[in-house]
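Throw the hints in and build the complete structure from the sequences for me.
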Amino acid sequence: MKILESIAAFFAFLASLVTGVIFPGQSKEAVSNPFAQVKAASIYLSSETSFPTVGDEFPIDINLNTDGVNISAAAMRIVYKYISVQPIIPIDADSEKDGVQADINVSLLDNGWVFPVNEVVHDKDLRLITIDLAAVNLNPEGYSASDGVKLATIDTIVAQLPPKFTFNFDKNQTKIISKEGDELKLQLKSGEFRVR
Amino acid sequence: MGTFLRIFFLVILLGGLVVSLILVGNRQLLKQEAAELSMPVLTGPTLAPSPTPGPDAGNATFTLRFQGITSSRAEKSVRLTFKQGEAVIYSFPSITVSPGATDSYSGKVSGVNPGAYDVYVRGEAHLVRKFPDIAIETGPNSLDFTEKLLLAGDFDGDNIINVNDVGLLSARISAAPTTVDPSNRIFDVDANGVISSSDMDLVLSNYKGLEILGE
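Chains A and B are the protein sequences, given in the same order.
Quick note: the first sequence, position 13, residue 13 per the numbering used here, numbers continuous.
Quick note: the second sequence, position 209, residue 209 per the numbering used here, numbers continuous.
Be a bit skeptical, because a hint or two may be false.
[As the list claims (entries may be wrong)] In silico lysine-lysine, DSS-like type, Cα no more than 25 Å apart, as pairs: (1) Lys150/A to Lys108/B; (2) Lys150/A to Lys97/A; (3) Lys130/B to Lys97/A; (4) Lys208/B to Lys124/A; (5) Lys81/A to Lys208/B; (6) Lys130/B to Lys171/A.
Derived from the structure by calculation, the hints contain no laboratory data.
Note that the coordinates shown come from a computational prediction; the quantities given were computed from them, not determined experimentally.
The following block contains the structure:
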């Protein structure tokens, strides 16, 4: 009997410890899921030129798919980091404006789009090309597309041939905003283009 | 002997319970401390008491202008912060400014001890503007902040104009002009009584980069 009592007390002791260590204040933790009510949309890169060679024009398209959700605006930062010699040279799409511009899809202008941010910056010290683009749809009902739509093209000329070109999105600076004003959950597809 | 053993095991059992309760309590305290540490630093209302105004404290009447408001309309409110270096000396979280004769607004603060301050001004949906080396003297002072417009478009109050702010405004714009009420009046950037494309035009005129920072 004494043995049983001692065993019971020992397990009670263990159980009380486990309760304190493993499940402290568990009932008070009501963590909200930040993605519970967000929707999916995507921004992705593509190119009509499959295997560029030196001297070729190499256009990179920036595409948007809202997945059927009405949106009001999108902003994105795309970065291309190279190692040694600059492999591609961005071409300015609008010489009347300062700096280097991406070539916006002019057909979107008739559909209520404006592009307040459009700049391609090459930092030679960091060996980094940064493309900042923001597109705002001014239609009161917003804009929706289930298929991809091209927002703009970064025109470049190939100067050197690395094994591949990889363009990445800066996730902190790449956003799509719904017509209701919410930031949508995004699927970002980096652009990885191989060469011969 | 039997009684002694029962008491002994009872003490062990109670000891375990006490230890577990202490552990639970410590964890809750640690969580509270972590939550307090992760709280953003408030630059708005001063939680700590401002310096007690001395007998020689000054008062200041100031004038300012909001971007897009070309003729004075209804009253608005601004936040004024007086700094010396990085230290916030005074913070006036909500000062009512009244329309003047032209496109300027004026307001008043009091109880500011004499000295040189950098004054930071923020409108309800505007980036912070810095007015450096403002001298406050004993008695009345007149501060003219009209040389630099308060730039509109920071609707979420993070002192940045970005795509989130554009989206917040767009959500208030519909086919028919949206009538202004107390819940949405910060989006009426040009203070013309409706929220419309003219407000968006003003904000987009400032949205020249992915993030436009206030001062």
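Task: 25 Å limit on alpha-carbon distance, applied to hinted pair Lys208/B and Lys124/A - done: 23 Å, holds
TODO: Take a quick look at whether Lys130/B and Lys171/A sit within 25 Å of each other, Cα to Cα.
DONE: Violated: Lys130/B and Lys171/A sit about 31 Å apart, past 25 Å.
Open item on the list: Holds or violated: Lys81/A and Lys208/B, Cα atoms, limit 25 Å.
Closed with: 24 Å, holds
- [ ] Verify the proposed pairing of Lys130/B with Lys97/A, using a straight-line Cα cut of 25 Å.
- [x] 30 Å, violated
Task: 25 Å Cα cutoff - pair Lys150/A, Lys97/A - done: With a Cα-Cα distance of about 22 Å, the restraint between Lys150/A and Lys97/A holds, given a limit of 25 Å.
Open item on the list: Lys150/A and Lys108/B were given as a pair; does the straight-line alpha-carbon distance stay at or below 25 Å?
Closed with: 52 Å, violated
The structure fails to meet hints 1, 3 and 6 from the earlier list, while all remaining hints are met.
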